[in-house]
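Q: Based on the sequences and whatever the hints tell you, model everything.
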Amino acid sequence: MMKLAFVETKLLTREPGALFSLLIPLFILVVFGSSIEPGDTVLLPMALAIAVGLVALYMLPTTLATYRERGILRRLSVTPVRPGNLLAVQLLLLLVLALAACGLLLAVAGTVLGARLPAGGLPAALVFILGTASMFAVGLLIAALAPNGRSANGIGVLLYFPMAYLAGLMQPVHLMPDMLIRIGEFTPLGAFAQSMREVWAGGAPSPLLLGVMAAYALAVSLAAAKFFRWE
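The numbers in full-length UniProt numbering rise by one with no breaks, and the one at position 212 of the sequence shown is 212.
Quick caveat, the hints were computed from the structure, so don't treat them as lab data.
Where a beta carbon is used, it is the ideal one built from N, C-alpha and C, also for glycine.
Among these hints, one or two may not hold up.
[What the hints assert, rightly or not] Simulated restraints on C-beta separations:
no. : residue 1 : residue 2 : range
1   : L99       : P162      : 21 to 31 Å
2   : V157      : A215      : 17 to 27 Å
3   : V31       : L218      : 14 to 24 Å
4   : V31       : P177      : 23 to 33 Å
5   : G203      : N148      : 41 to 51 Å
6   : H174      : K226      : 36 to 46 Å
7   : P16       : G110      : 35 to 45 Å
8   : R70       : G202      : 46 to 56 Å
9   : L208      : Y165      : 13 to 23 Å
10  : I24       : K226      : 45 to 55 Å
11  : R150      : E37       : 36 to 46 Å
A: Following this line, the structure appears as structure tokens:
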């Protein structure tokens with residue numbers, strides 16, 4: 001298992017998409033961060049949600065679907081290394097990538113831009129865990145249904161941009177129609193982004209939105225497990 005994790009880590013560091021997932025949210029944060037007021041509670045949560053969304057909907061489904069397309073999972077099934085081990089290692093590495101991206105954003109925002117950090121670490125951690133779990137579940141479902149890596153990439157992108165718009169990641173939420181705001185809150189990325197904004201503003205995350213993220217994480221994960229094919 002450790003050797004498999006080492007090999008997959010080397011492959012991940014060579015993957016351009018991993019660098020893309022790290023730098024795009026940071027670029028957005030730095031570009032727009034120059035115009036925010038001290039103590040801003042909007043930009044950093046937005047950048048964190050973008051980072052998790054990119055890893056979950058771009059990296060995760062593309063990697064797993066490509067492995068299946070190339071027959072890697074099928075070949076592993078006849079070796080001592082079970083395909084499930086590879087899946088577990090990939091999920092762990094992509095979680096580490098999401099944490100690294102968010103850690104980089106927090107470090108830059110807190111030290112360079114003077115953005116506000118959440119006062120309550122526990123609520124922020126809870127929102128991050130549920131939000132990441134719900135988004136990773138969607139990525140797993142894409143990987144389960146997509147016939148190959150290219151289609152997984154396309155499906156992930158097609159899902160990401162509407163979800164990002166409804167979550168208020170492409171324009172300020174207060175400029176969006178109320179109906180779209182409400183719809184967005186019932187998407188996994190929208191519930192995640194809105195909960196992050198609530199925590200950053202010093203409030204408690206909405207129990208309803210926490211429930212939305214937990215429901216997505218559980219239901220979509222079960223669907224992904226049902227439809228996932230190793231070959």
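Q: For each hint, tell me whether it holds in the structure or not.
A: Here is what the structure says about each hint:
At roughly 26 Å, the beta carbons of L99 and P162 sit within the given window of 21 to 31 Å. Separated by about 24 Å at the C-beta atoms, V157 and A215 satisfy the suggested range of 17 to 27 Å. For the pair V31 and L218, the beta carbons lie near 37 Å from each other, so the given range of 14 to 24 Å is not met. Separation of V31 from P177 is about 26 Å and conforms to the stated range, judged on CB atoms against 23 to 33 Å.
As the Cβ distance of G203 to N148 is approximately 44 Å, the hint placing it in 41 to 51 Å holds. H174 and K226 have their C-beta atoms about 40 Å apart, which keeps the hinted 36 to 46 Å range intact. Distance hint check: the CB atoms of P16 and G110 are about 28 Å apart, inconsistent with the given range 35 to 45 Å. Under the hint 46 to 56 Å, the C-beta atoms of R70 and G202, about 48 Å apart, fit the expected range.
A hinted range of 13 to 23 Å for the beta carbons of L208 and Y165 is consistent with their spacing of about 21 Å. Restraint check, I24 to K226: a C-beta distance of roughly 32 Å breaks the suggested window 45 to 55 Å. With their beta carbons about 43 Å apart, R150 and E37 fall inside the hinted range of 36 to 46 Å.
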